[in-house]
Structure formats: structure tokens, C-alpha cells
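Work the whole structure out from these sequences, hints included.
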Amino acid sequence: MNRFTHLHVASAYSGHYGVTRPEHLAEAASAMGANALAITDRDGLYGAIRHIGACIQLGIDPIVGVDLAILDDSAQPIGRATVLAHGNNKGLGWKTICRLVSQANKHGKKQATGLTIQQLASLVQHGDAESGYVAGATVLLSPDSPFGRLALGANRQAAQQALADWASHFVAHGSLAVEITSLLTQPGTEWSTTQALRLLQLADNLKIPTVLTNAVRYLSPDDALTADVLDAARYLEPLGMFQPQPNAQAWMKPHQMMVELANEICRDYRRATKLLDTTAALAERCRLNPVADCGWGKPRTPEKSALGIDGNPFELLWQKAHDGVHWRYPNISQAKLQQVQHRLSQELMTIHKLEFATYFLTVADVAQMIRDMKIRTAARGSGAGSLVNYTLGISGVDPIENDLLFERFLSTERTSLPDIDIDVESARRHEIYRAIFKRYGSERVTLLSMQSTYRGRGAVRDSGLALGLEDERIDEIAKSVWRFSAGSFRAATSRKPELAKVAQELENDRTMNLLVDITERLDRLPRHISMHPCGVILSDATLLDRTPVEPSGIDLAMSQFDKDDMDPMGLLKLDVLGVRMQSSMAYAIREIERVSGKKLDLDSIPLDDAETFRSIRTTNTLGIFQIESPGQRELTGKHQPTVFNDLTIQISLFRPGPMKGNMIAPYLDGRHGFAKARYPHPDLEPILKETFGVVIFHEHVLRIFNKMTKCGLAKADEMRRSMENPRKKPQIEEFFRVKAAENGYEPSVIEEVWGTLEGFSSFGFCKAHGAAFAMPTYQSAWLKTHYPTEFVAGLFTHDPGMYPRRLLLAEARRLGVKILPLDVNKSTDEYLVEKTPQGELAVRLALTEIQNVSQTEIKRIIKNAPYKDLGDFYLRAEPSRRTLQNLGLLGALDGVAGVTGASATDLDSIQATRGDVMAKIRQLNAVTKRPKLNPEQPTLDFIDLTDSLPRGNPSPSTETNVLNELKLMKMDVSQHVIELYRDMLDEMGAVRADELVGLRNKTEVLIAGVRVATQTPPMRSGKRVVFVSLDDGSGCSDATFFDEAQQRCSHVLFNTRLLLIAGKTRRTGVRGVSVMAENAWDLKELHREWRKRQAGRETLAPGEANSEVQQLSA
Amino acid sequence: MLRVDEAVEVSVNKEGQPIGFRWRDECYLVTNHPVRWFARRDWWQESERAYRGIGAAVLETEMWQLTATCDEGVLQFELIHNVLGNLWKLVRVYS
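Protein chains in written order, with this note's numbering: chain A, 110 to 1223; chain B, 66 to 160.
Hints in this document: simulated from the structure, not taken from any laboratory.
This list has only true hints and no planted wrong ones.
Computed footprint of chain A on chain B, listed as stretches where at least three residues anywhere in the stretch have a Cβ under 8 Å from a Cβ of chain A:
| no. | stretch |
| --- | --- |
| 1 | 97-109 |
| 2 | 114-122 |
| 3 | 125-135 |
In this text, a Cβ means the ideal position worked out from N, Cα and C, and glycines have one as well.
If you want it as C-alpha cells, here you go:
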């Protein structure tokens, strides 16, 4: 007898339904002795490629299908069906299933995913009445269907009729079967043996084939608990509030159990055998040939016609690449030209051998299109190592100047597809996607999807929901889950100080124990599918026969396959990544031109500007691409970069690998002359000179391999990749040792170099990638140095960095960039650069910063500006009461109301105050109905309302203003928030961030500020170290918490915003100082106590300021 | 129908199907093909833990429906079989 094949199996990629990853299902099936296995995810082919890949590895046949809702005529789900693609029919079955899934998902979230029975029938059957129909797939009608439910009742006739009606749509042989499933539920209920038997009899009466499945949604019975939790997440209801799965029987039962189940259902050995035989026959028909059916591993680029080419694509590529030489190297010497052309030819030959010419032409075409749209682009990744990419305009980094290798990017030794990533302005990314779709046609282009998985916090949240915990409780626990995978939640509670409370509750709280248990179960399960942030798939006109699509958030079709599915399926992916920094820089350039008329080409600025490097070396790197994080700031202090290549090195060094591998210290020692650079052999000196003997880049490894074994750079890159594979490493070692010895290297040299390479294998970084990143780093630093106001405006508008906006404000203050307050006559939805009457440049705050103001209101305010007075604004901009109030509090109406602030304290002055504005706003907001703007019929009310301001109201204090700004804009515009605590801090003798650099090592200090970053980078020792950065208006200070300090400060370590930290200074470099924390306190709490004590001493009445401090803490 | 909640001693055949049991000092002999099914449990209300590998017994219970006779006559029974301790419990009796 045939081994049983499971034909209805949901994997974990059935979002919030399936429990087990495709790979594990395939392994288990293979271990059970099955020679084929189906994957039938809900609503899509989300796990199909992983399934096929796993089956190929295991040597079993993949079967692919989908589990879909059947919809009635008003698009309501009335049941489910599983559709299985037929195989070995030259892709007909695969195409059928792809197109069918795309059709079922066509309406996105607007309508239930699924198909009517008529649609299903017409999509699985091909042909016409005359020449006959052929099935591309089989539809399995599930017990979960109208006739399945009717079969449970007394009226068998009605059930029979319902099934016959559905079956009448399927004429092609093998297009329909009835699924027989028993989950051994209570006799007479759904999914019971009784129901299964009745369905079998109904199908037999109508001569419809039947197949046995177990409607699998998890691998083993134990996983059913996880399925319960996923159900809760899907229904968004706690367990107990919805109809749960009937029991734990929907697991992947082994052959023998399925045979017994068949006998139990049929109660007739012969019928049971027939049921199993039909199941095997369908499995046979559905076995897929990955290559012939699915196009496995066959890359397909757009047709020549789609690119507008006739003739030989390679000749065209050759021509274009050579034409680019003159553009990229205008006044090139003859010798250099020869070098360039030699390398270009070598690269082109490789591309030719790999038959990737059309691919490069396509990417070049896209890059050109983006430039024509006047959008900033930059390449990233190993592609920057290619001269072809440089001369085609795909990349902006000169690979010769930066000493980059093509072989790291592409070589004939490797068959995987090239990966070219293009960074563009994030704000205009969708524009580019639309242009690509338009240019190549939606039949050749799709977006890429992305499966996000459950991590710590998400897992806690959904588990908490399932158990019906209160939102605040879930929130509290989720917030304490910090950077560890949910899978080790219980273990983490005993290790991490911030989980001490959870650990305590685990001792006697049942719900907490369940929460931890099910959170661990959810760990790493796929959670939901979304649009990949940058991937675009480009192919020929058959693309939609090979990938199912669904609508994305931006109404362009998105493939259901994710980035890991691309290479196996031979799909060519282009990453067009939105980078906010590119938008910020484009914005700055636009503002420079708008305000001063100066046209700036950022891509041709000199890369050796001394002033730019001087400014980087101050370590005030906030806002500069890639090097603004606290760690990079510290490294900048130690490293003190002076040339472009330094930036490439610094960006590459600040990675988990080099940090763990302790590569930073030897490099810095060599650089600052504390230690003499050491080279294992003089031959390696030219290769490692730039990093003082330290191996940092993949390119170093390639060159060392090549130098010592003469293997060629392409082979060297293969060896580098193989080093990461423990099975292949011994061969590489053997090869290296033998060849290096043949080339005359001493055993001691070979030993030492091999040791380095071995240690390096998992750490390194591709220099091309570092250099590509260093370009925007340099460009942003250059703008910050020479055009700080415009640059800050760009940062504010596009928010590229890791820090909150209020820190940017502090940095602007520090830079001396003038910030202008909100003004309804001048502010827009961007941070505009303005020339003040004094001729200074300044940044005007944008209206978008105000919390709780609708887009429509902002648009209305901008559209109707300017306003002549407050009444005019009230009538024409039609702000809501809250918006009017908030605008007033933030001073946005001071301008229209004629408040200058010049003599705000003088109550007798003729000058209006913000207090007067607020009084007027109270009057306006008291009016029940805003009068319509109708100049012909001015009402008395109207005149009163728009009349002059009431006078004599005092201006609010600066403290009040700061608190309002923080509350309404999350920015302290008038003054740094720390100033509210200055009285206490001065008394305590707290040190300001910019004073730290002048202190001696190990000075005891108190530092205070607003938390701007918390990081727990990987450490060589494996112990956790917490870095907290504070901003106090004078700059940023960094505090390091080791074990003991973490224990002591656990209550404030991760969640408190305003902190006071005590510790000792630790010098880390020329301009590097950090504080070794010993203790930390909640600054607000401390200040409250301090005030109380002050009040006790001076019997101060609880004043305005005190209540404000409490307000701030609320 | 009578709801009960009493432990009973059950004899089973080699397939694990009940063939007879003792209840309230009477011997009952199973006369039909007993039907086994699985009912679910609200583990989130009953269970102390739910860790990976705890087993499906937290979530589902094996149930048996059968007809049995004794001197008094023929009755239908519903039994719970706790697989973990091989304990049987009689829960419902229908006449």
C-alpha cells in the first residue's frame, strides 16, 4: 500500500492559524516515511517556497495548494475549500494556483479573501466546451461547507442537492473531490466521524472522488495550545469569548493512524482502502517538479522589448558602460584610462558569462529613470564594488579610488543572483515604485512582501490578549521585555533586573505563569505579512504565472513571496530603499536654492574638505548619517577621522563582529601610534596598510587568499563564503596551507594568517558597503558644517535619525541655528528656512508638530494663509476648539494677534500679550456656533468676536510655555526642559555634558538630562552592559551601567525619562569621555522631594511652578 | 439523563476499548461498538501551566460513549478517560 500523504496542511505561514514551520513539517513527514507532502496555507502560497526547498533537500515531492474561503454572491464566506495544484504539466498547475490565489486576494482588505464556487470552477478548469476541459488543479470541498453542515441534520436530500449544485460546475476530470476528515469530535457534531461518513456516502452517491485528510494545522498534539492562542490573536478576542477549535486532533498523524482513521470512518475495510487509494492517486497527480513546474532557480529578466532594446543586450551594455567612463572620469590620464578600461572589460566578461547583461541594463535603466525624476540616489551593498555599476550610474562610489573588488559582488564561481540595492529619498519612494510599474508594465513588476515574526513584546501582547489581561497590565509587562527573544522569557525573568517583578509574580500567580508559557510558544512564529520596505521584483511578462500577488498598502501588486524566496525561485529583486537622510539632504539643497538661489550638486562636492572633518572630530555628530549613535559618537572621539577612507573604516568597525572580535583596539592603537602595525609577512603590508595590519574587510580576506595561494579573486571570494560553513572549512584550510606553502610562505606565517582568517570569517564587512555608506555620511557632515540651518530644517522635516526631535532642537541650539516659533501666517507642513529681518537664516517650526491636529485642519490653515488678525483666522481657517486653544498656547497666534513679546510683563503697555490672546480664544470658544463668513450680513456677534483683544492679561511664564510645548509638541522650544530642574542641579553641583571633556579621569560626577538612547550592544564577555545617553542642552553624555549598577538602578534603568546619574568619568580617547554609572534616580521624583524640603525650610506656599512639575510628571 | 461524577474501574480490550466496568456495585458489560471522541478543556481556566511540551491532555479529554447492560437492563453511558493516570470517570447515564 502507498504511504499516506497529507494533502491539507497549514504551515505557520497561515497567519494566526498554522503553528509549525514548513521545514519542520517536511522533515517530520519524511521521517514518518512519506515520500510527498502538501502545504496548503490559508489564503495564499506564503510558505510554499520554503516548503518546496525543504522537500528538495529531503528528497520528497512537494505538493502545493491553498486553503480558501468559498464566498457567496455577496462575498460572504460560507465555507472553505482546499485547492491543490497539479504537477508535471509544464507549469499549468502552478500557474493555475498562482492566478487563483491572486484572484482570491484581489480586493485586499476591502473584501473577504476567497472565491465563489463558480470562480473556483472557472479558474481550475482550462479549455472550452468544444475541445473539452482540462484541470490545472483539484478543488477539495471541505466538511466546513453548507452541505457539510446539512449532512449533520436529518434532511439528507438537502445535503445531497447542495453538493450536487456545487459539483455541477466542475466538468474536467479530476477538478473536484470531497475532503473526508474526522477530528474525532463528539459524534453528530462538525468534524466528527459521523459527519465524515455521511459526506463519504453523499459523495459516493454522486460519484465524486473522496480523499482523506486530517486538516492539519500543527505538527504534534501539544501544539494545539499554541493554535488556541493564535486563534485568539486572529479573532482579537480573549480565549473563552469565541468558539475555539474542537480539540487537539488536527496534527500530522502518521501513516498507521490515518489508516485506522479511514477504517473508523468507513466502517468497511474495502471502502477505507479505496479512500486511501484515491488519496494516493490525487497526491500522485499533484507532485510538483520544482524546475519544470515552478521555474525553480531560473532567472528571468524583462524581455528586450520591455527595455526598448533591439539587438544584442550585451553589446549595448558594453557600449553604455564604456560611454560612462568619460562621464565618471573627465580629465583622466592615459595610464589611468587603461587601468579603468582593463577592469571594465574584465567585469563585463563576467557579466557576459553569467548572462546577466539584461539585468544590468534593467537596473541601469531604473537608476537613470530615478535621476530623470530628480530624486537623489546612492547604491549600497557589494554592488558599489563594481566599476560597471559606477559607469552606468547605478552606484556613486568610485571602486578604483576606494580600492573595492568586483569579485566580492559577482563572480563566475557563484551562481546566485546579483544583489543591487539603490537608496533613494524615502519621501519619494512610492513615486519611484509607481514609475517602475508604469515603465515595465504591471505584468512584469511586483512589490516584495515581508513576513514579520513574533518577538518579545508582540508575543507578550498577543498572549496577554488571549488570556484576557487588562491593557495596562499587558502594557506594563510588554515594556519590561527588552531585547530578548520571547522563547527565553522564563529564563530571562531570573536574570534581568527589570523583570524582577514578573519573576516574583511567577511564584504564585497562575495567569502570569500561563502568560510566560504561551509567550514562549509564540516566539518567532510568523505574525503578519506586509509590504517589504524596499523590494521590487522585475521579470518578464510571465511573472504573474509564477508568483501569486495581493494588493499592498499602496495599491500596487505585492508578491506573496518574501526575500528569502527570491533566490530559490530565480526572481530578480531590486532593492529601492527609502532613506530618510537622502530626503533630508534633498530638502536642505532645495531650501538652499529657494532662499539663497544657490544651486548645489551634492554629488560633486570635494571629498577632502578639512572643515567637514574638523566638525566630525568634535563628536557632535547628531544628525550625521550612520555615525550619530552614542557608540559611534564615542568611536568618533577615539578615532578622529581625517579622510574619506577613515569614514569607511569607522562605519565598518562599528559592527557586532569587529566589536566581539576585539578588532577596534588594535586598529586604534596602530592609528595613534601606540603600537607598531604588524604584518605577518611583508607581502601583506600593501593589503593591510590602511587598517594597520588589522583584517576588517572581506576585500582584505580575498586579497590575502589570492596573494598567498594565487587562486584568483573570484575563487578567493568563494573560499571566504565557504569558511562560514563548518563542513567546508577543513577543505579550505587544506587548500590554503598547501598552496601557501607551495608559494614559499613559512609555516609560521601560514599558521598565523590562517588563525586570523579563521577568527575573522564571521565578522567581516564588505568594504564596498562601508564606502557606499560613507558617502551620505560625508555628504550630511558637509551640509551640517557649511549649511547648518538648511540641514537642520531637512532633519526636522524628514526625521532621519534615531533620536527624538527635541534632541535635534537641543543640537540646533548648540549649533547656533535660530529656531522661529510656530506662526499660522508662516508655518507650513514643512520646516521652512526663513531669512529674518536682520538677514539671518532661521528655521520656522512646522504645524505638523502639534499633537492631535488633523491633516485637514493643517491643510486648511496653510491654504487660507495669510490672516490679517485673530478673528480672520478664526473664521477662515475654521480651527476646532482644541486646535485654536493649542495654537494659542504654543504662540502660533501671537503673530496674527500682534503680540511681539517685547514688553510682555508691563501690564499697562499698549502691547498685547499671549495672555490676552488666550482670553480672546476663551471668548471665541464659548460661542456655540461659528458664524459663517458672509461679509454682506455681518451680525452683531460677528463684530464682537473679531473685535480687538481684551487687554491686561499677564503673559504666561517661560516654565508654563515649556510645559505646554512639551505637552503639545513633545519639544521644549522656549528653553531646554532640564532648566526646570536647574535650581536643584546647581545646588547639587551636577556637571553639564560639555564640561565632561575637561575633567580628569575618574572624577566623581553627577550628570542629569533627558534620556535619548538606551543600548545594550553585544559584549565580548557575554555580560550585558547598558548604555544610557542623556541630553542636557549642552550636548550628550553617555553613562555605562555594569552588572552591579544595573541591579541597583533596575527601577529606572529602562523606563524613566528624566534621569540623574552618579558615577565616575572614564576617558576613552582624545575627545571621548563617558561616565561609569554607580547609581541613578528619577530626576522628577527627586526634584519633588527637594522642593518639599525647600518648602519646609522656607514655608513656601505651593506655587505655580510646583504644580507644573507635577503636571509634567503626569 | 443522569449526571454523575464518579470514578469507575474499566476493563479494556487490546485496542484500548472498554469492554466492561463496575459502577455502584453492579457489573456492566459493553454491548455495542463504543465510540471514542475528544472534548476540549478550557485550559486557561483550569491549568497551572501551558509550557511547550506539556502535552495535549491539558487541552482535550478522551471521551467514550457506549451501551452496557447489567441485570437491571440496558443503559447508555458517557465516560471520561484520563490518559495520564489511566483513570476512568463516569459522567453521564442515559436510559
